[in-house]
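Residue numbers (my numbering), protein chains in the order written: chain U, 1 to 302; chain L, 303 to 592.
Keep in mind the hints are simulated off the structure, nothing from the lab. Any given hint could be a false lead.
To be verified - Some chain U residues judged to face chain L by a derived CB distance under 7 Å, without partners named:
id: 1; residue: 106
id: 2; residue: 154
id: 3; residue: 157
id: 4; residue: 244
id: 5; residue: 278
id: 6; residue: 281
All of these numbers come straight from a predicted model, not from anything done at the bench. The C-beta atom is built at its ideal place from N, Cα and C for all residues, glycine as well.
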Amino acid sequence: MNYILHLLIYFNIYAIIAISLNMVVGYTNLLSLAHAGYYAIGCYTYALVTIKLNMGFLPALVLAVFIAALMSLAISLPAWRFKGDFFVLVSLSVQVFLYSLFYNWVSSDSGIDTIGTLKNLTNGPYGIPGIPKPSILSIKFDSIGMIFILSSVLLGICLVISWNLLKSPWGRLLKGIRDDELLARNIGKNVRLAKIQVIAIACGMASAAGTVYASYISYIDPSSASLDDSILFLCMVLVGGVGNFRGPIVGAAVLLLIPEMLRFLSIPDSIAANVRLLLYGLLLVLVVRLRPQGIAGEYRVE
Amino acid sequence: MQVIINGLISGMVISVLALGFNAVYLPSRIFFIALGGIYAITPFVAWACLQYKLPLGVALLVAVLAAMVLSMANEFFIHSPLEKKNKKVSPGAHLISSLGIYIIVIQVIAIVWGSETKVLREGIDGIFKVGTLIITKSQAISGIMSFFLIAAFLTWLKNNKLGILFKALSDNPTELALRGYNIKTLRLFAFGLSGFLTAIASLFTAYETGFDPYVGMSAFLLAVVATIVGGQKTFIGPIIGGILIGMIRSQVVWHFSARWQDAFTFLILVIFLYLRPYGIAGSKARLESR
Numbered sequence: 001m002n003y004i005l006h007l008l009i010y011f012n013i014y015a016i017i018a019i020s021l022n023m024v025v026g027y028t029n030l031l032s033l034a035h036a037g038y039y040a041i042g043c044y045t046y047a048l049v050t051i052k053l054n055m056g057f058l059p060a061l062v063l064a065v066f067i068a069a070l071m072s073l074a075i076s077l078p079a080w081r082f083k084g085d086f087f088v089l090v091s092l093s094v095q096v097f098l099y100s101l102f103y104n105w106v107s108s109d110s111g112i113d114t115i116g117t118l119k120n121l122t123n124g125p126y127g128i129p130g131i132p133k134p135s136i137l138s139i140k141f142d143s144i145g146m147i148f149i150l151s152s153v154l155l156g157i158c159l160v161i162s163w164n165l166l167k168s169p170w171g172r173l174l175k176g177i178r179d180d181e182l183l184a185r186n187i188g189k190n191v192r193l194a195k196i197q198v199i200a201i202a203c204g205m206a207s208a209a210g211t212v213y214a215s216y217i218s219y220i221d222p223s224s225a226s227l228d229d230s231i232l233f234l235c236m237v238l239v240g241g242v243g244n245f246r247g248p249i250v251g252a253a254v255l256l257l258i259p260e261m262l263r264f265l266s267i268p269d270s271i272a273a274n275v276r277l278l279l280y281g282l283l284l285v286l287v288v289r290l291r292p293q294g295i296a297g298e299y300r301v302e
Numbered sequence: 303m304q305v306i307i308n309g310l311i312s313g314m315v316i317s318v319l320a321l322g323f324n325a326v327y328l329p330s331r332i333f334f335i336a337l338g339g340i341y342a343i344t345p346f347v348a349w350a351c352l353q354y355k356l357p358l359g360v361a362l363l364v365a366v367l368a369a370m371v372l373s374m375a376n377e378f379f380i381h382s383p384l385e386k387k388n389k390k391v392s393p394g395a396h397l398i399s400s401l402g403i404y405i406i407v408i409q410v411i412a413i414v415w416g417s418e419t420k421v422l423r424e425g426i427d428g429i430f431k432v433g434t435l436i437i438t439k440s441q442a443i444s445g446i447m448s449f450f451l452i453a454a455f456l457t458w459l460k461n462n463k464l465g466i467l468f469k470a471l472s473d474n475p476t477e478l479a480l481r482g483y484n485i486k487t488l489r490l491f492a493f494g495l496s497g498f499l500t501a502i503a504s505l506f507t508a509y510e511t512g513f514d515p516y517v518g519m520s521a522f523l524l525a526v527v528a529t530i531v532g533g534q535k536t537f538i539g540p541i542i543g544g545i546l547i548g549m550i551r552s553q554v555v556w557h558f559s560a561r562w563q564d565a566f567t568f569l570i571l572v573i574f575l576y577l578r579p580y581g582i583a584g585s586k587a588r589l590e591s592r
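All chains should be built: construct the whole structure from the sequences, respecting the hints.
Put into structure tokens, the structure is as follows:
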């Protein structure tokens, strides 16, 4: 039972990320490889403010979303000018930069109690242990079931937000930018503002997913911000499909279930992780070749 | 001085790699991420050959050939059919499938040969002393060989018929096709060339510092940064960019720490993308229109 709940929590987290990345990839056609960085910003913000400032879950969540949305300017301002391969490169630079930041913001003579000071903000490769379980008002979310409920509620909120946004005129403007940016600009739409908004919202959502992850695992290290994770997130939306709501959720489920199925095959532990990644790569190649719109998607990333 | 020499030598190796990237990117506009996989697999092939007691020369030759074949297989099985299927050019699709190939290659290496760091040479490297400078033997080999390789490549580009055709393909593939040349074969050749250059750069680095399956991505990204910094419309650009990046990286190691190398490299990339997106050697053109 706990195993299924564990899977469902992961599914909720991945689904939030996939929905948010869908808004960027599927509605503005910008392939962002920086999403894991923003996800990790959420993790770290939550970890630091709950340990250092004793904040509750809700203020920490709001702060994490706000910081990620602010930092998202690092990829949304370049999105004014760059498209295609060059935007991928810029987002990759942001990703590498964030990762180096998390990895290197550590001083050599640091103990566990200096975490969060300016000299040793992230504790580098050793990570931050002992992140408290979330609590809202006086309800404590300390069991796996309660965290499942919390993550489901968060997923529900994110779904409602992105559903309402994307069905609104603003969502249609995004589709317009995706299909013909010049035309959207021609009829007097503020394309740049729309790009900043959508990327900020998406990064904020990824950050929210990060807070749930940090509070569930209660330990966080820079590997959550690694390029592999960014590729995994991109893989989710591309395999599932972009441009509608089913796609990313299907993608999150597929990419979560495939490695779990491998668990039941008799593959030696030493190569299990490699086989999992190998399948991700294979999925990417096959999807682009056979079904460019993804399993359940609408729009072809080209 | 020592720092500058080190930077120059590593910069030359980056230049060779950047030429490998540009050899595919210019003719086909394919963002060839799988190059990172080729970069990673080459020393492993050489290493496996050494395990079968083959002489070093044969092992290196086999590795380079394997890299070329792998690179051409990419074009043959992935990019060429994609191009045929989607009539209009779709850089995103190429990029994503190339990323997929990269992941597959890396994971296959890790499954077959394990992910530990391996070395090609045995024992400690010999050194030369020139005045106060200390240059290791492998550094000297890779510096001199890269220099000659780059020189040979540029001469070939200028004087050989195939080289001129290749330059034309990089400049304007559509026009070349209209003039009746078979650009399919030429593109296949471009991929082979790219694999060759990548394999050479990879073997130099592997011989000097050792290798593991995950070196591919960072090396590939260095090549891309070098290409963009230098200017991607020419073949001179990546060479200048590579040397510049190599120098800057060794300065970063000298003044800060090796851990900040990547962050600095990408800082340079972003600065260049904003202020001079056509690169040092490129002529003025907007990137976004491509």
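Going through the hints against the structure:
no.	hint	result
1	106	violated, 10 Å
2	154	violated, 29 Å
3	157	violated, 30 Å
4	244	violated, 18 Å
5	278	holds, 4 Å
6	281	holds, 3 Å
Violation of the numbered hints given earlier is confined to hints 1, 2, 3 and 4; the remaining hints are satisfied by the structure.
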